[in-house]
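Protein chains in written order, with numbering that gives the first Met the number 0: chain A, 0 to 209; chain B, 0 to 227.
Hints are computed from structural coordinates only; laboratory data are not their basis.
Hints may be right or wrong, so weigh each one.
Heads up, incomplete: computed chain A residues facing chain B, CB under 7 Å, no partners named [said to hold, decoys possible]:
id: 1; residue: Ala14
id: 2; residue: Gly15
id: 3; residue: His17
id: 4; residue: Thr18
id: 5; residue: Arg85
id: 6; residue: Gly94
id: 7; residue: Trp108
id: 8; residue: Ala110
id: 9; residue: Ala156
id: 10; residue: Phe207
Think of the CB as a built atom: it goes at the ideal place given N, C-alpha and C, for glycine as much as any other residue.
The primary structure of each chain is shown beneath.
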Amino acid sequence: MTSALLTLADSRLPAGGHTHSGGVEQAIAAGIVHDPGSLATFLRRRLATSGLVAAGLAAAACGAAAERLAALDDEADARTPSPASRTASRQQGRGLVRVGRRAWPSPLWDALTDRPHHPIALGVAAGAGGLAPRDAASAAAYLSISGPATAAQRLLAMDPLTVAAVTARLSPDVDDVAERAVGELPAATDPLLDLLAEVHAARKDRFFAS
Amino acid sequence: MPPDHNLDDYVDPYAPGHRHSADGKPGPLRVGLGGPVGSGKTALAAALCRTLGAEYDLAVVTNDIYTTEDADFLRRNAVLPDDRIEAVQTGCCPHTAIRDDITANLDAVELLESRHPGLELVLVESGGDNLTASFSYGLVDAQIFVIDVAGGDKVPRKGGPGVTAADLLVVNKTDLAPMVGADLDVMRRDSAAVRNGKPTHLISLREDPSAATVAEWVREQIRARVLV
């Protein structure tokens, strides 16, 4: 591992992640997330499904050639049933490409489309930064819960120390997901997350892009 | 291993003067409009659209609390078609979206640029924030900070990055000064003291809905950019 992984997973990396809640905003509106316990449950559920899928795709994209990246982008589409979630993923992919190109210059970036899925961009960023597929999987798994946790903190005015503790205690789960994702392209989905994403996208009164 | 990066030669492609569209021409001038809630940012944006809309190819990005409030106001008051207004969600942090992580705003600006290739001016209106709010120069070329007389004549003296460092400080609602007991001379003098020679305009959008002096300042910025 190099410190590039820390930069990649840092919520302060200006890739647009702070405008996405990963379904938490709608989960709060629906009464599903309301306290630290329900937040932890939601995050664990997200990690086990979209987090696992993202980790597998990011690991596969790390160091992959252009044709493989295009195929992986299609695989990401196929594993993301909700159109709103696909849009959110591509939005975040575009943001990561913008900063990644500047932070880790590499010919690998030219193999990507303008708006790749986020895990694909993450894999390329990891490769450009000298990281291994397992690192890319770790970053994807961690990011699948860190952004949503912060969104819950903002929306519910939760104690930030509590939210940090919830995130930190999920570390073994994050490691487990990253470990299992390498070499696989998991296809776990969660109808609840898909439904939340679709209902959220239709709202006019939302703070977050997803 | 990642390639070595020689930072001595690093040129920021987004820095003012370095950003160019595909054909090598400078892209549109991006002007940030920041300031506290209720000071008149959206009203100023609408005024600038009305005054400058016939002269320049322009568009607006809004960063409202809720997506559509300011955008709807602009549609009504600036006669700006929908495809020239983009609203971004700021994840409860309007300040972050214009300074620390400008991704969502860059996406919106670039979308407008691709939709209108001849664009000459993009106004980026921040969500209402406090006196510490300021735009990153990765997002805008110049920024206007809008405060108002009714907020109290002590505001310029309190300072903060918006008041001290904005390229133009606008003190709006001068017509309210007698009603709220604000001393315009104090505001003018305190602004000059903290702004190190940068301009301050005292205006009343109620008395001059065209925002003539601010529009003229924006014209100067566009002319200066074209000459670069």
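Consistency of the hints with the structure:
1. Ala14: This hint holds: Ala14 (chain A) lies near chain B, its Cβ roughly 6 Å from the closest one there, short of 7 Å.
2. Gly15: holds (3 Å)
3. His17: Since the shortest Cβ distance to chain B is 5 Å, the answer is holds.
4. Thr18: Hint on Thr18 (chain A): holds, closest Cβ of chain B at ~4 Å, below 7 Å.
5. Arg85: violated (16 Å)
6. Gly94: Hint holds; Gly94 (chain A) Cβ to chain B Cβ min 4 Å, cut 7 Å.
7. Trp108: violated (12 Å)
8. Ala110: violated (16 Å)
9. Ala156: violated (10 Å)
10. Phe207: holds (5 Å)
Checked against the numbered hints listed earlier, the structure breaks hints 5, 7, 8, 9; every other hint is satisfied.
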